[in-house]
Amino acid sequence: MTTPTVQLITVDSTAYGPYAGLLPKELGAYDAPLFTRRGAQHIMDDLLRHACGLSAAWEGQSVRFTWAPGYRGDKGGTEVVHPDRHGRYAIGGLWPWTEWDDELPHSAGQRAFAEGVREARAPRDRILPDGLQRLYDQGRAEAHSLTLLPLVAAVPTGCGEE
Numbered sequence: 009m010t011t012p013t014v015q016l017i018t019v020d021s022t023a024y025g026p027y028a029g030l031l032p033k034e035l036g037a038y039d040a041p042l043f044t045r046r047g048a049q050h051i052m053d054d055l056l057r058h059a060c061g062l063s064a065a066w067e068g069q070s071v072r073f074t075w076a077p078g079y080r081g082d083k084g085g086t087e088v089v090h091p092d093r094h095g096r097y098a099i100g101g102l103w104p105w106t107e108w109d110d111e112l113p114h115s116a117g118q119r120a121f122a123e124g125v126r127e128a129r130a131p132r133d134r135i136l137p138d139g140l141q142r143l144y145d146q147g148r149a150e151a152h153s154l155t156l157l158p159l160v161a162a163v164p165t166g167c168g169e170e
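Each residue of the sequence shown is one higher than the one before, starting from 9 at the first, in our numbering.
Hints in this document: simulated from the structure, not taken from any laboratory. Keep in mind that the hints are not guaranteed to be accurate.
Stated by the list, open to error - Taking lysine to any residue pairs in the SDA-like style, the calculated list, with each CA pair at most 20 angstroms apart, reads:
1. Lys83 <-> Leu62
2. Lys33 <-> Asp109
3. Lys33 <-> Lys83
4. Lys83 <-> Glu107
5. Lys83 <-> Arg96
6. Lys83 <-> Phe73
7. Lys33 <-> Pro12
8. Lys33 <-> Phe73
9. Lys83 <-> Cys60
10. Lys83 <-> Ser63
11. Lys33 <-> Thr106
12. Lys83 <-> Asp109
13. Lys33 <-> Thr13
14. Lys33 <-> Thr11
15. Lys33 <-> Ala98
16. Lys33 <-> Val19
17. Lys33 <-> Gln141
18. Lys83 <-> Thr11
19. Lys33 <-> His114
20. Lys33 <-> Asp20
21. Lys33 <-> Thr155
22. Lys83 <-> Leu102
23. Lys33 <-> Gly101
24. Lys33 <-> Gly78
25. Lys83 <-> Ala98
To be verified - Pair by pair, the computed Cβ-Cβ distance ranges are:
26. Asp133 <-> Asp82: 49 to 59 angstroms
27. Ala130 <-> Ala76: 41 to 51 angstroms
28. Ser70 <-> Thr13: 22 to 32 angstroms
For each residue, glycine too, the CB sits at the ideal point set by N, CA and C.
Take these sequences, add in the hints, and give me the full structure.
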């Protein structure tokens, strides 16, 4: 079994993202990486700006994607994505994903977020200007949220004590 990894991805042929997604293998264009709720909201915000015939809205804890006729063939439709037991959303199949490319022009904020994701396991010693520091810290938090699973059972009393 391959260990899942956090990867920086974006919607193919766009400047959106980057999004921190958890993948069990290399990214395939129509795979469904796992995203946090914050990551799902970032995707939803970008869809709204793109006005591509695909929209998304929260329905409680779930996300409903709705597409207009012509987006995926002749008919419009919907798909509901429910969070897994760890609160992550498997989003994919509605557009092609691609790996985030550092070589393409991006905003300073996008680069700060991406660096935060990449450096999530490194000691926190990077200091950036205020607006960029917030995005860097958000990237670190996003990567941690994807990989650190909530405690499923209570730790028994005395466990770990010597």
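Here's how the hints hold up against the structure:
About 12 angstroms separates the Cα atoms of lysine 83 and leucine 62, which keeps this hinted pair within 20 angstroms; it holds. About 18 angstroms separates the Cα atoms of lysine 33 and aspartate 109, which keeps this hinted pair within 20 angstroms; it holds. Restraint check for lysine 33 and lysine 83: not satisfied, since their Cα atoms lie roughly 32 angstroms apart, outside the 20 angstroms limit. For the given pair, lysine 83 sits about 30 angstroms from glutamate 107 by alpha-carbon distance, which is inconsistent with the 20 angstroms threshold.
For the proposed pair lysine 83 and arginine 96, the alpha carbon gap of about 29 angstroms is over 20 angstroms, so the pair is violated. Under the criterion of a C-alpha separation no larger than 20 angstroms, the hint pairing lysine 83 with phenylalanine 73 is consistent with the structure, at around 14 angstroms. Simply put, lysine 33 and proline 12 have alpha-carbon atoms about 7 angstroms apart, close enough for the 20 angstroms limit, and the pair holds. Note on lysine 33 and phenylalanine 73: the hinted pairing is violated, with a Cα-Cα distance of about 25 angstroms set against a maximum of 20 angstroms.
Distance restraint check for lysine 83 and cysteine 60: the Cα-Cα separation of roughly 15 angstroms lies within the 20 angstroms cut-off, and the hinted pair is therefore satisfied. As the CA atoms of lysine 83 and serine 63 are separated by approximately 15 angstroms, the hinted pair is consistent with the 20 angstroms bound. The straight-line distance between the Cα atoms of lysine 33 and threonine 106 is roughly 13 angstroms, inside the 20 angstroms bound, and the hint therefore holds. Taken as a hint, the lysine 83 and aspartate 109 pair is broken in the structure, with Cα atoms around 33 angstroms apart against an allowance of 20 angstroms.
For the given pair, lysine 33 sits about 8 angstroms from threonine 13 by alpha-carbon distance, which is consistent with the 20 angstroms threshold. Taking the CA atoms of lysine 33 and threonine 11, the gap is near 8 angstroms; set against the 20 angstroms cutoff, the hint holds. For the given pair, lysine 33 sits about 14 angstroms from alanine 98 by alpha-carbon distance, which is consistent with the 20 angstroms threshold. Between lysine 33 and valine 19, the direct Cα distance comes to roughly 18 angstroms. Compliance with the 20 angstroms bound is thereby established for this hinted pair.
Restraint check for lysine 33 and glutamine 141: the C-alpha separation of about 30 angstroms exceeds 20 angstroms, so the hint is violated. Distance restraint check for lysine 83 and threonine 11: the Cα-Cα separation of roughly 38 angstroms exceeds the 20 angstroms cut-off, and the hinted pair is therefore not satisfied. Under the criterion of a C-alpha separation no larger than 20 angstroms, the hint pairing lysine 33 with histidine 114 is inconsistent with the structure, at around 26 angstroms. For the suggested pair lysine 33 and aspartate 20, the alpha carbons sit about 18 angstroms apart, so the restraint of at most 20 angstroms is met.
Restraint check for lysine 33 and threonine 155: the C-alpha separation of about 15 angstroms stays at or below 20 angstroms, so the hint holds. Under the criterion of a C-alpha separation no larger than 20 angstroms, the hint pairing lysine 83 with leucine 102 is consistent with the structure, at around 14 angstroms. Only pairs whose Cα atoms come within 20 angstroms are accepted, and lysine 33 paired with glycine 101 is accepted, the gap being roughly 16 angstroms. About 31 angstroms separates the Cα atoms of lysine 33 and glycine 78, which puts this hinted pair outside 20 angstroms; it is violated.
For a cut-off of 20 angstroms, the pair hint linking lysine 83 to alanine 98 is broken: about 23 angstroms separates their Cα positions. One distance hint, 49 to 59 angstroms for the beta-carbon pair aspartate 133 and aspartate 82, holds here, with the actual separation near 55 angstroms. Look at alanine 130 against alanine 76: about 43 angstroms separates their beta carbons, and that is inside 41 to 51 angstroms. Checking the proposed 22 to 32 angstroms range against serine 70 and threonine 13 shows it holds: the Cβ atoms sit about 26 angstroms from each other.
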